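These protein sequences, in sequence, are chains A, B and C. Taking the numbering used here, I'd label the letters of the first sequence as residues 1 to 226. Taking the numbering used here, I'd label the letters of the second sequence as residues 1 to 226. Taking the numbering used here, I'd label the letters of the third sequence as residues 1 to 269.
Read the hints as simulated data drawn from the structure, not as lab findings. Keep in mind that a hint or two might mislead.
[To be verified] Sample of chain B residues at the chain C side, in silico, Cβ under 8 Å: (1) Ala115; (2) Leu141; (3) Glu142; (4) Ile161; (5) Val164; (6) Leu209.
[Claimed, not checked] Capping the alpha-carbon separation at 20 Å, the derived lysine to any residue pairs in SDA-like fashion look like this: (7) Lys158(C) - Asn97(B); (8) Lys177(B) - Asp220(A); (9) Lys158(C) - Thr154(B); (10) Lys182(A) - Leu209(A).
[Said to hold, decoys possible] Which residues of chain B face chain C? A few of them, derived with a C-beta cut under 10 Å, are: (11) Phe96; (12) Phe114; (13) Ser137; (14) Thr143; (15) Leu144; (16) Pro213.
On a predicted model such as this, the values are computed, not experimentally measured, just so you know. Ideal Cβ placement from N, Cα and C applies to all residues, glycine included.
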Amino acid sequence: MNEVTKQQGTEQAVDVDSLAGEAELELASRESFAGAEDEGADLTPLAVQSMGERKAIIEALIYVSDEPLNAKSIAEVLKEDQSVIEAGIASLVEEFNGRNSGLQLREVAGGWQFATRPEYHEHVRAFLKWKPSAKLSLASLETLAVIAYKQPITVPEILDIRGVQSPSSIKTLLDKKLIVAKGRKEAIGRPMMYGTSKEFLIQFGLKDLSELPSIEDFEDLASGVV
Amino acid sequence: MNEVTKQQGTEQAVDVDSLAGEAELELASRESFAGAEDEGADLTPLAVQSMGERKAIIEALIYVSDEPLNAKSIAEVLKEDQSVIEAGIASLVEEFNGRNSGLQLREVAGGWQFATRPEYHEHVRAFLKWKPSAKLSLASLETLAVIAYKQPITVPEILDIRGVQSPSSIKTLLDKKLIVAKGRKEAIGRPMMYGTSKEFLIQFGLKDLSELPSIEDFEDLASGVV
Amino acid sequence: MDETPESLEPAVAGDVNLPTTLNVAGSTPELVADIHSDDLKIVMGEFDGPLDLLLHLIRQEQVNIYDIPVARITDQYLSYLQQMQNLDMAVAGDFLVMAATLIELKTKMLLPRDPFAAAEDEVDPRHELVDQLLEYQKYKAAAQMLWSRATVERAVFKRAELETDKNNPEVVVGVFDLLKVFQDILARHKDEVLLEIEREEISMAEMIERLRNMVMSSGELNLRVFFERARSRRELVVAFLSVLELVRTTEIRLFQRETFGEILARVAS
């Protein structure tokens, strides 16, 4: 595997100089192009040299587009005839069909987009279902934060602090084994108390709870005095 | 697309056995897998029949994954040997390189992902009217470099190397999720230690930290210039 | 804050011609108009710290990093700080610490060498600083490498968001996110302004004023008493520099009543 990837590395090393001209210190965030605004200047791309290149560019554009992309739009960007682009797309479609790819290029709502082939939907479905997620929704994260800093704590107490009911979050966190029941509180109704688990420590890379950042740690960073 | 999204409730009664129905769902949109929450479904995928099919499935899974996907995860989902999956990935990489595609399959942050080839960045940028949004100052980059090479490292230790307090850089890097807290150092004041994140690898296109050039390599360079 | 806040940076960064190859030396200071006043200010944000400034001076003077002419570089460095005085002193905190180090180094270099010590036993007083500079240089170069990488990475685009991603409105979190979220909740819940304890930073100008007043009011000031009022290392450095400043402008003069006795300051007549 390493052999294969190495050649990628060198391939990518080519272009720094040409890129640097436009660049400030800017890091591409993965989603940052989604809502991008026009910069206006020097966005005129190089002229397309060959049919092979044209196909490659069409492929790239369809891939990054968040909506099905029609030949007309591509033709506008590349400043080429729509018929030329259409020929390129047709050739690409054929290519993807011919190679028995897991992806297909298909026409939807008047535009072209990549999609997985229906033959493999069960595997894709199984994957999406299986996909381990260390991620949390904001609601669960909030609940977890309250529990982490205020443990042991009961559900009504969490409600007090968050101002929102958290039953489904509690369930999610229990399912993910990030929190555990810590006995019952000696109060009316003897409500269950919750605290963070060992799994919580592992997932957040903490040796113990004393390693949680404190308000002071944060304020020092925020105020610039460390 | 909205039709499909609507289905993404907690539970839905899709008849899994009705392949026709499924296929329709697939065709409705490439995003249709999001709706796959049906609890009753038999999620054991069909056994993979051939190397060609395996490659196609790998391709599909890498495409739908929102993060770089590693061979181990694919192997787990397909219940196959990791080495077999790795061979499939290597073959796919070769295929994409061989056909002069606009896309490449590349390894980043320990996983595989499709991305456009850098050669076509001007066209892609022109199409997306893309303007990078996230910026890092030179000070933050310097702080990031120190953290990348010296992790886990505390704020005072960064001060020692940079000769300047870096709290606002640390905060910026935390906000951008390029660094994460890595526990506390067993020293006076138990200062927080920091290290780079997976997001760091992704944004800088690194397979893993070992891909960073050795810091000693910069020694000659550095002393050569001054 | 001892560092230019990120939000102020674009004004600076926009004008920097970032090197495309690994270029280790520091950047050039720049005069910019402050929109809030008529003054022209030197943007120190371009120097990522005192080491960066030192490297810049060393390169500018074209001297050997292993054999820094300390007196010359120190003078340059101090004149730089002079120009910075109109700036917020808090920005210059770490720069002042370096100033003190340089002055100390300059003094040591002036001391006669021990004639009995073997040449190889003598440690060059600059040794530590040179090591620090060389170490720093490596990371400065590494930062440029990261910048190049990020630039290349900008040429590579990932697919747009799929519905499958959007339907997972989830966040990857670290412990600081946990803390931040917790703080947000507390703020939301209590809607209570946290009492902020301001950490007072005394500026160079204020320190000079303090020194002037103390000398004037008593006619004669024991410097030890003056230095003991400093509540932090930084304040001590500022105090030290303010003494140097008033001596330089011949506003005060220093004297001792006896050898190794207390150092006293008096208004220069």
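Consistency of the hints with the structure:
1. Hint status for Ala115(B) relative to chain C: holds, with the closest Cβ pair at about 5 Å, below 8 Å.
2. Given hint, Leu141(B) at the interface with chain C, holds; its Cβ is 4 Å from that chain's nearest Cβ, closer than 8 Å.
3. The interface hint given for Glu142(B) is met, as the beta carbon of that residue sits about 4 Å from the closest beta carbon of chain C, less than 8 Å.
4. Because the smallest distance between the Cβ of Ile161(B) and any Cβ of chain C comes to about 6 Å, under 8 Å, the interface hint for this residue holds.
5. A least Cβ separation of about 3 Å between Val164(B) and chain C falls short of the 8 Å threshold, and the interface hint therefore holds.
6. Contact between Leu209(B) and chain C, as hinted, is not supported at the beta carbon level, the nearest pair being about 12 Å apart and thus beyond 8 Å.
7. Proximity of Lys158(C) to Asn97(B) is assessed by CA-CA distance (about 17 Å); at most 20 Å being required, the pair is judged to hold.
8. Among the hinted pairs, Lys177(B) with Asp220(A) is consistent with the structure: their alpha-carbon atoms are about 18 Å apart, no more than 20 Å.
9. For the proposed pair Lys158(C) and Thr154(B), the alpha carbon gap of about 34 Å is over 20 Å, so the pair is violated.
10. For the hint linking Lys182(A) to Leu209(A), the alpha-carbon distance of about 15 Å falls within 20 Å, and the restraint holds.
11. Violation of the interface hint for Phe96(B) is found here, the shortest Cβ-Cβ separation to chain C being roughly 14 Å, above the 10 Å cut-off.
12. The criterion of a C-beta within 10 Å of any C-beta in chain C is met by Phe114(B), whose closest approach is roughly 7 Å, and the hint holds.
13. Checking Ser137(B) against chain C: minimum C-beta separation of about 4 Å stays under 10 Å; hint holds.
14. Because the closest C-beta pair between Thr143(B) and chain C is about 8 Å apart, less than 10 Å, the hint holds.
15. For Leu144(B), the interface hint holds, the least distance from its beta-carbon to any beta-carbon of chain C being 6 Å, beneath 10 Å.
16. The criterion of a C-beta within 10 Å of any C-beta in chain C is met by Pro213(B), whose closest approach is roughly 7 Å, and the hint holds.
In summary, the structure is inconsistent with hints 6, 9 and 11 from the numbered list given earlier, while agreeing with the others.
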